[in-house]
Amino acid sequence: MTDSADGSPSAAVPIQPATLVDISVDCSDQASPQRRRRFLPRLLIVLAAVAGLWLVHGFLFRGVARLLVVDEPVDRFQYVAISGRDDAPDGDRCFDEAVALFHQNPSCHILLIRPAPTRLAETGILASFETLGRRELAARGLPQNAIQSISSDGHDDWAKARALRAWLLDRPTATVVLFRDRLGSAHLRYVLNIVLDSPQAARVRLRALPDRRYDETNWWLSRCGYKGFGMAWLLQFRAWCTGGDHQPPPRYSADDYEHNLRLTLLEAAP
Amino acid sequence: MNRPHRYAGGILLLAVALGLLGATYPQLLHAMERWLDVGERPQRADYVMVLNGGEETRPFAAAALVKAGFARHVLVAATAVSPLVADRIVPAYHEINRQVLLKRGIAASEITILPGAAATTFDEATALAVFLAERPHARVLLVTSDFHSRRSRWIFGRTLADRAEHVVLVSAPTDEFRKDCWWQDDEGFTTILSEYLKLAFYVVRYGHFGYWLAACIVLVLAGKWMRRQKSAAPSPS
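Protein chains in written order, with this note's numbering: chain A, 53 to 322; chain B, 34 to 270.
Extracted from the complex, chain A is given alone in its bound form:
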């Protein structure tokens, strides 16, 4: 609408509504092909990007998983170390692998890194990690005198590294091959490099054992694969962000746990 100089609507050149409608129709008619011209290349770019990502997804997934793997050459070693929990030794088929390395170098020893005892082992429901390790190695023909053990105060990589630090201090020339599941090996190397000093860390070589169900080349194809991948990245992420040693939480016996539970949970006992 045109205004006169004093601000009142001008009556000199009245504009017909039909003219306005015509103009707006023209505008939309011109805008639509423009929009279409802009929209089509954008859609093609998005589709091409999606297709490209789909084509290289295997390459990308392998790439992000390989960052989690540290597998080091094991040419000379005096000890082969196995760690883990009472209910899960670290690294699939670690006992088979340990025996294979023992046959390569019969003068070496197998070192079991005992975790802090779990409630299940304390109550005798599961064998302790040391009992389990000795049993499995003996079942594979390894002599008992080739097996040694040390204890750690937790269940995680930090506890393993602390135990190894104390043990390596007393054996200044000992070289160790340490097993770890494949996608957790970079995290263990990161922890070893923090907890051990450089010469000590160099004396520990990591053997990254693949899970029989998945590894870094196919983890996205199975449920346990992407669970393992996610857990490994969370561990690595924590190490990078807040990485640091910490004290393990206090442990309660089965009786203490039940007693505490009664106090907190079972107050409404009938």
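Rather than coming from a laboratory, the hints here were simulated on the basis of the structure. You may find that some hints are simply not true.
Distance windows between CB atoms, simulated [as the list claims (entries may be wrong)]:
no.	chain 1	residue 1	chain 2	residue 2	range
1	B	142	A	106	12 to 22 Å
2	A	197	B	120	42 to 52 Å
3	A	294	B	252	37 to 47 Å
4	B	237	A	118	23 to 33 Å
5	A	119	B	238	25 to 35 Å
From the three backbone atoms N, C-alpha and C, an ideal C-beta is built for every residue, glycine too.
Since the structure of chain A is already known, use the hints to place chain B on it.
Quick look at chain B alone, frame taken from chain A:
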């Protein structure tokens, strides 16, 4: 508002938000952990069901509930065979649970292994649904770890539908990491964050996420269409 002023306002807001986050992050992280725990007070029931996993706590809590008189019978779903179980290095989860219950004084005749090969909480919920099909009025105390209780409630709620009201979720307190500073511990960090990831996965995979996503897309498209119509419409003057 001109551009420099707008940027200054944005930067100030960001700085305040970061400052608040820095000052309150322990409380926020602690709240994250507490949010996962939706355990209820136990009530009298016909059965206690122990969910597999968390063998250090859950079966001990279930045994305590039975001994306290909340229920007499314990249910455990049979689990799928893992490589360690196949190699006979460790027993299956359900067998460990059964052993704990026996060791804590529950009679073998009071323990029922639900048939199947459960690999997920969803499978266990399905096993319970089958069991309850013939016992529609049975009440069940569901024992799981505190951090796992929200996801369990969601899964059992979806699987059991109307019968979910007969299920009371009881949290077994975890002591494998310090709950007040879980982010400083490998076990706590991976447990809590992976629980959030699993919760998101379950909502996407088994929930109504698809419908919500479709509704959002429709709303956005409708909004765009209305804006276009408005800009194309003739001015009233």
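Results of checking the hints against the structure:
{"no.": "1", "hint": "B:142 / A:106: 12 to 22 Å", "verdict": "violated (56 Å)"}
{"no.": "2", "hint": "A:197 / B:120: 42 to 52 Å", "verdict": "violated (25 Å)"}
{"no.": "3", "hint": "A:294 / B:252: 37 to 47 Å", "verdict": "holds (39 Å)"}
{"no.": "4", "hint": "B:237 / A:118: 23 to 33 Å", "verdict": "holds (27 Å)"}
{"no.": "5", "hint": "A:119 / B:238: 25 to 35 Å", "verdict": "holds (26 Å)"}
Checked against the numbered hints above, the structure breaks hints 1, 2 and satisfies the rest.
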